[in-house]
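Below are the chains, spelled out letter by letter.
Number of protein chains: 2
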Amino acid sequence: MTGGRAGGGSGRRVRVEALAPVMVLGPREARHLQVLRLAPGATVLVFDGQGAQAQATLAELDAGRAVLHLGEASEAAAETPQPLTLGVALLKGDKLADVVRAATELGVARVQLLVTRRADAREIGAQKLLRLNRVAEEASKQSRRAVTPDVLAPVSLSEWHWEGQLFVAQPGAEARLTDRLDWSGPVALLTGPEGGLTDDEVLSLRQRGAVAVTLGPRILRAETAPVALLGAVAALGV
Amino acid sequence: MTGGRAGGGSGRRVRVEALAPVMVLGPREARHLQVLRLAPGATVLVFDGQGAQAQATLAELDAGRAVLHLGEASEAAAETPQPLTLGVALLKGDKLADVVRAATELGVARVQLLVTRRADAREIGAQKLLRLNRVAEEASKQSRRAVTPDVLAPVSLSEWHWEGQLFVAQPGAEARLTDRLDWSGPVALLTGPEGGLTDDEVLSLRQRGAVAVTLGPRILRAETAPVALLGAVAALGV
Chain A
1 MTGGRAGGGS GRRVRVEALA PVMVLGPREA RHLQVLRLAP GATVLVFDGQ GAQAQATLAE
61 LDAGRAVLHL GEASEAAAET PQPLTLGVAL LKGDKLADVV RAATELGVAR VQLLVTRRAD
121 AREIGAQKLL RLNRVAEEAS KQSRRAVTPD VLAPVSLSEW HWEGQLFVAQ PGAEARLTDR
181 LDWSGPVALL TGPEGGLTDD EVLSLRQRGA VAVTLGPRIL RAETAPVALL GAVAALGV
Chain B
1 MTGGRAGGGS GRRVRVEALA PVMVLGPREA RHLQVLRLAP GATVLVFDGQ GAQAQATLAE
61 LDAGRAVLHL GEASEAAAET PQPLTLGVAL LKGDKLADVV RAATELGVAR VQLLVTRRAD
121 AREIGAQKLL RLNRVAEEAS KQSRRAVTPD VLAPVSLSEW HWEGQLFVAQ PGAEARLTDR
181 LDWSGPVALL TGPEGGLTDD EVLSLRQRGA VAVTLGPRIL RAETAPVALL GAVAALGV
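Protein sequences appear in the order of chains A and B. This note's numbering numbers the first residue of the first sequence as 1 and each following residue consecutively. This note's numbering numbers the first residue of the second sequence as 1 and each following residue consecutively.
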């Protein structure tokens, strides 16, 4: 259950300005491909950071430049451009299974369980964690993903180290996820427990760089919020 | 179970260019307020069609103009600027209850049950319909909405007459809901049954003006799609 990188484990992901039949990259990207020990004929996944991605074949490579030929949209196109993590507070009963199932369909690379001030539990049994990972595996197959998300054992919110951008759904927030989302790096989304995160928790997250975003003016159940937030990402086509 | 108009049944909703401390409206809007038999001192709900709304007090009114003073964000601010309808294919078991519950939290004014080619059922019992309306009522209270959505008895997809824009979630669609959404009129969203709508059904809807929109490149369960699509709307702050 190490972090499964979206797009497969090969790491052969190349960012391009835009997807085009022939894509020419500069010295820096060429060096990157050499470090990956790629040679002409190799297949890579190209992505534009805006949600478009496809397979491409490396046609030429030297220290000065790389030329890629666009291939077909691949199986990996079912994955987000960069890994998408859902952080979710521990919830009672089967709610976490429902969240994990929907989150898997909606493209997360991992689910990080979190202990928050008002979370329904402080810990989770090994059997339940195993079961949540099985739910992710089944949902992954059903939604025809190549990647099975990892459901990671809970850590306390204050000790969670997310990668890239973090968006936290917060009643009263005015920022819109869709205005702020940037796929140049990993993306993490966070929703709280029944009763919400405390003001202090949100303040602390914001001090660490998180952006509080709206999910509309109504009160959502803790198990609805993550699906809604992930839906907003999916509705962008990623 | 008549159509509950979002924002309450009073109909005292006034569109303005933008929310401002003092808003001056022209003859046409003034006439509208007179038709509603409003007098200075009356409270109305002003909205800008972009998702912002608040209470306002009518300060002056004659045939030539109306002056409104902005009040506080109101209870009714929990409602979308125009009625939001979810059309959903009949699903098995308790799935419809789950959809109705989440849809209520996410602000729908009504849920129209639909019989589609691949729907799990052709009809629904009176008891079940009653139960779904009770689910909507409970969820409405829990999410602190002033409006209880109506869950309407199923009609066949071809006989459904929606109001305003209709967006249908369709695998392979490229249009984005968030790019097309326009609150100058009612909005309807449609998701299909397990197995999806048929190509013919989608074609027919498009011929009637519907816009097919993406929910990302993965396969979603029929009960996840409506929550995801409604989440995309809620994440815009409405």
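It is possible that part of the hints are untrue.
Partial pick of chain A residues on the chain B-facing surface, computed with a CB cut under 7 Å [claimed, not checked]:
| # | residue |
| --- | --- |
| 1 | H69 |
| 2 | T178 |
| 3 | D179 |
| 4 | R180 |
| 5 | L181 |
| 6 | V227 |
| 7 | A228 |
| 8 | G231 |
| 9 | A234 |
| 10 | G237 |
No lab work stands behind these hints, which were simulated from the structure alone. A virtual CB, placed ideally from N, CA and C, is assigned to each residue, including glycine.
Verification of the hints:
1. H69: violated (22 Å)
2. T178: Holds - the Cβ of A:T178 comes within 7 Å of chain B, reaching about 5 Å at its closest.
3. D179: violated (9 Å)
4. R180: With a closest approach of 11 Å, the A:R180 hint is violated.
5. L181: violated (10 Å)
6. V227: Result: holds, 5 Å to nearest chain B Cβ.
7. A228: holds (3 Å)
8. G231: holds (3 Å)
9. A234: Cβ of A:A234 sits 4 Å from chain B, so the hint holds.
10. G237: holds (4 Å)
Against the hints set out earlier in the document, violations occur for numbers 1, 3, 4, 5.
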